[in-house]
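Here the protein sequences come in this chain order: R and G.
Taking this note's numbering, the leading residue of the first sequence gets 786, the next gets one more, and so forth.
Taking this note's numbering, the leading residue of the second sequence gets -5, the next gets one more, and so forth.
The set of hints was computed from the structure by calculation and includes no laboratory data.
Virtual Cβ for every residue (Gly too), placed ideally from N, Cα, C.
Nothing false has been slipped in among the hints.
Cβ pair distances, simulated, as ranges:
| id | chain 1 | residue 1 | chain 2 | residue 2 | range |
| --- | --- | --- | --- | --- | --- |
| 1 | R | E1099 | G | L274 | 16 to 26 Å |
| 2 | R | R997 | G | E278 | 50 to 60 Å |
| 3 | G | S318 | R | R1069 | 20 to 30 Å |
| 4 | G | S318 | R | E1122 | 51 to 61 Å |
| 5 | G | S288 | R | K815 | 19 to 29 Å |
| 6 | G | S318 | R | E811 | 15 to 25 Å |
| 7 | G | D289 | R | P854 | 26 to 36 Å |
| 8 | R | E1122 | G | E48 | 53 to 63 Å |
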Amino acid sequence: MANPRIILHADMDAFYASIEQRDNPELKGKPVCVGGSSSRGVISAASYEARAFGIHSAMPSAQARQLCPHAIFLRGDMAKYARDSKRIFEIFRRFAPLVEGLSLDEAFLDLTGTERLLGPARTVAKNLRAAVRDEVGLAVSCGIAPVKMVAKIASDEAKPDGIAEVTAEGLRGFLDPLPVGRIWGVGPVAQGRLAQQGIYTIGDLARSDPKRLERTLGDWGSGVRRLARGQDVREVEPYREAVSMSEENTFGEDVADRRVMESAILSHAESVARRLRRSGLVARTVVLKLKLGRRVASGPRGFPLLTRRQTLREPTNDGDVIATAARSLLRRTELTEPIRLLGVGTTNLSEANPEQLSFLEDGKRKERRARLNESLDELTDRFGPGAVRRAGQSSVERAGLSFQIKRGEEPPE
Amino acid sequence: MKLEIDKGDLQRGLSRLQAIVEKRNSMPILANVLLTASGKGETGALELAATDLEVGIRGSESANVGKSGAVTVSARKFYDIVRELPDELVNLEATGNNYLEIKCGRARFSLAGTDAEEYPSLPEFSPERLVKLQSPVLSQMIERTMYAASVDETRYNLNGVYFEVIAETGKIRLVATDGHRLALVDRSVGEEVSGLASGVIIPRKGLAELKRLVDEEDADEIELGFEGSSGLARKGSVTLVMRLIEGEFPNYQQVIPKDADLKITLAVEPLVRAVRRVALLSAERSRAIKVDISDGKLMISSSNPDLGEAQEELDIDYSGAAVSIGFNAKYLLESLSAIGSKEIQFAFKTGNTPAEIRPTDDADTLAVVMPMRL
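Chain G with its partners taken away, still in its complex shape (with noise of 0.2 Å):
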């Protein structure tokens, strides 16, 4: 292998695979890049890929290739490398012993590698349907929902996001949910999207490399199709294929409440605030809040027995049944925020049965969080 490379393109390729090779694991060849060269002269072209079996990553970029082949290094030392180097032309090759020497400038390395042959092959599949999305709407799902999936590795099924197709809508869904909260939004993007998918779950590591590909700027549209247990994206040069959660989403219509029939509307700013000032002294563990909704009047409170209790309230429009609902301040939060609006209606029923929030501007976002049990 002999190549020359623009040394931009070749950072921005190594450093699109470093949040997949950088989590140590047990295999030592997952923590480098294989390097392919292939064509002839100016229309040649380095593909760089990595995986770590969960997730794959797989983008060319334009060189001048002297002669193809292929080598693996370490993923990680080459980018500190090439982020060092000059902005001008790279030089690689592979030299003997699987050795790759990189000359820029007056600058020169010769990093140890592995034999091309030992690197686990990424899976090969194309799906027989691929639809194009727009990238910023497919961003946005994401962001919407992300937040809600369970960290929790011993409930599997929601270490991820829910993707589906609504076939009344033609919309494509997101859910996410941990138990105790749920994220959901609905978008159309644009195309028929029939037969995608009936229902798959995509692991949030995945949907972190998926999303940090969409947020690319070089293209508005990606690809995304579904086969099996995998699931893959391709943008321009770039393919990004991975394992799905096998497994059962759980019945997440069943958690978003028909009976909250009492509403009231608020501005998501003043309340995000109030309830960061508040949560300052609510305990450390459980970040409790209470919020007491009365007559024209939204009270957040906490009390820590370590440091003390605070306050503060907000004028709403209400005239229902006074209602204490106990909350986690993080949960309540992390929805306001991801909501992406200035106003939200905000609908309960009882302190111990789920709220639901929905934007007043966007039908198809919706949240819904467990109160605390006070």
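With the rest of the complex left out, here is chain R (with noise of 0.2 Å):
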């Protein structure tokens, strides 16, 4: 590689649950859920007690409460978390120029070209965590890499309270025996679709013949194999918008008919919305954004990518405002060709407000709505996505390519 990046993956143990714990002494060494109280809810962390008896965050809190009856619920507390995670990045931003947030928790610290400053890499883990843990009373683990996903996995595998170090000599065969679902963007459907062709592990993949991988699943699929073999040119971008959130799908076949371009939009506004919400957010804008089937490049980038946005008069968290939003882009959109893929996304978010309530009429019908979505996130809990579904809102099939990293929202065990 012309420039090794050295990447690290900054990644908070068990925030919420870690946080209750740190400030009720009582709750130590005990199985902590927080979030899910009530029965019909789904718990958002759990601390390393409470996963040894196999729950983890996106549980159903019925199912969590039989495999440990004794655990703690708590409701959770998102303005402290927050506050931690402003602590938090600030520790970050000492120990490295550029910081990319993902979420409340998890961050990527480019350290290229640090080293003289702040020693290796490790050193300035260690230094990162045990600063962490001094001043926030929190553990952190870190992966170390020279790429960004493999820094990602780096820090899962460093779990509970660790450091785990990739170089770049090392890097094949640390990713070589692990399944290819540790990939970014392979969902089920990619995974399935590989397994059929006889590739399990990212070595699998890394070792497939490209052409094969090609048909199996598409122009993308020389990108996968790419991420595969450790190549990942993506750069830490401490001005992505950190607090984004956003869903997207490749279409089978090239899509021109917009009506099933808008029920997309409505399926992913849904589930966006359902994130947020779940996230105790709202959003003030919205973003289509369009990939066209036309290629102009090789690559997984070599589409022509249109994105359009729109900032609402008052922030929101319900499907149907953002669906709606989307739908006008699409409509101000000139398309002259088939689009290969539609991502409904949000940004400009903020902590929900607590709402004011209303005596009259019209501002009911808001409260309405936010029952209305209240109900609707129970049944999805408790029976998954697609329990139920709004008029028009067929099911588009998510061939599982997305990059975007969700909040609110954890990936399929």
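Since each chain sits alone in its own frame, please combine them into the complex, following the hints.
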């Protein structure tokens, strides 16, 4: 590689649950679940003691209670977590010039070129972990690697409370035995297709025939193969909108029918809105992303990409509002050719304010929508995505090709 | 037009119009004051009038009139000039081309104006029934309700205060709400009021002018009357006319909680101070504070992701169910400060239902505040 980089992925261990244990000594050493205190909710964080019972985030709390009846269930305090997050990020910034936040509790730090000033990456990781522990009282695991994706996988391997370093030389040896699902964006659909070809591990993928891979996964195949070989060219982007949520899909065949696009919009908007609500957030800006089917260059980025954004009058976490904005963006976009990918995103996120109740009818309409969304979320939590659909929201096959890191929704196990 | 007038009288007459003409307006002439001299000699009068087509004020000051007539000039500029004049008699004269010549002591101004004919006429009407109200009573009623009126122009029917006569009690009632809080006050005004109005909505601006007029110190009584979609108030030589809001005021009776049967009594001042302090760390936009009521204790708290947390406890006499209610601190503070009492009764039911605030010494005043969902 021409320009070897050193990337550190810092990921807080059981963030919400650890904060609760820190603030309440009685919880230390006990299985603690945050979120889903009602019988129908889902867990948003589980302490390592709770994980020992098989509890993980995004698990319905009813199931968690079965697995561990004596676990302590807490409602959670987003404001408190956000404050801790802010302090942690301030510490991160002391150790690297470039910090890209992925969510409240994880970030990429680009350590390239800081060695003379701060020492080797492993020393930086040690000092960073000590600083977070001393100043905030929480454990953070660090993964170090020449590329982002591997750094993230490494921090996972380092948990709990550890450091894992993958050098350029050791990179293939580290990745090869891991299942393909560990690569970003390789979801269940892609995994299934790969398994049919006898590709189970990242090593299988790296060694596979690029032509055959393209037949299996489409144009995306060569990109995935590069990732499997540890070639992730993406840089740490500090100015990336650290708080954004989006959902996208690549269509099985390029789509020209706007009704199909609108149906995909509705599906993505509902899903994004649900994740916003689950994270206690509202979004002010809606982004529509369209990738045209016509290839203009090689590689996964070889398709023209259109993005359109609209800022709303007031922030929302209602799927209907997001879908309406995205649909109007679509209507205002002139499309002369079919598209291969459609995404709906939200940025400009902020914490949802408590809602002022009203005693007059027009104010009540918004309240009713909020209550409706609440009930829909409960049903989805209980019976899984797709349990409830709005009319017109057809099931858009998710090829699982999204590079987005999702907050509020854990990837399926 | 030619006359001589006391500087103080002229200044007072002009000052009263400033709030009406000050607003930017699409018709330039509405920035003017219409001056009309009438009568002859010492018994003459100068009438000063202004309108923004929604609200109009007309007042008369006594003047020594040499020649009757009318002219209009910039109300703001004329007022600025008069304020700077020495305390002497002021000579006013309309000269050719609608100029107004102002002379006082050795100062002399020539102010460009417009033909009085072009000034829109104020609605002339005399309601069949004018009722005398005590100024301080009306002033207090306005103060206690106006804050709750909506400023959201898309809800025009809430952009004012509802005025009605309660037949059973013979009292006047003012009610205002913006959908999130409501303020209501009943008062008897010392005169038979039946038939005065069967429910009209007085716009905020008209009400603000009415309040200003009521608070002027010259007379204890003000006459008020309504006709069609207009309202009229008269105090001494000053007449205020306004266009009422045409629209339906919501059924406010439904808003007043009937089942808020959990009650606590609180001294207003310590409560206001506590809410103010805790609100310092509330989220900037929502101003949300949390009120936890439990055995013998009322706790007010707030938290802001960027700043931190605050809480304060008050002792209360309470032994009912524990209830947590979120409020917009601004709504609570405005209600508490407008209620004009040292002690209130706070009635509530749950965290999602309206709470009621009543002074313990005044059964005719109440405020309702809708909570925030926490």
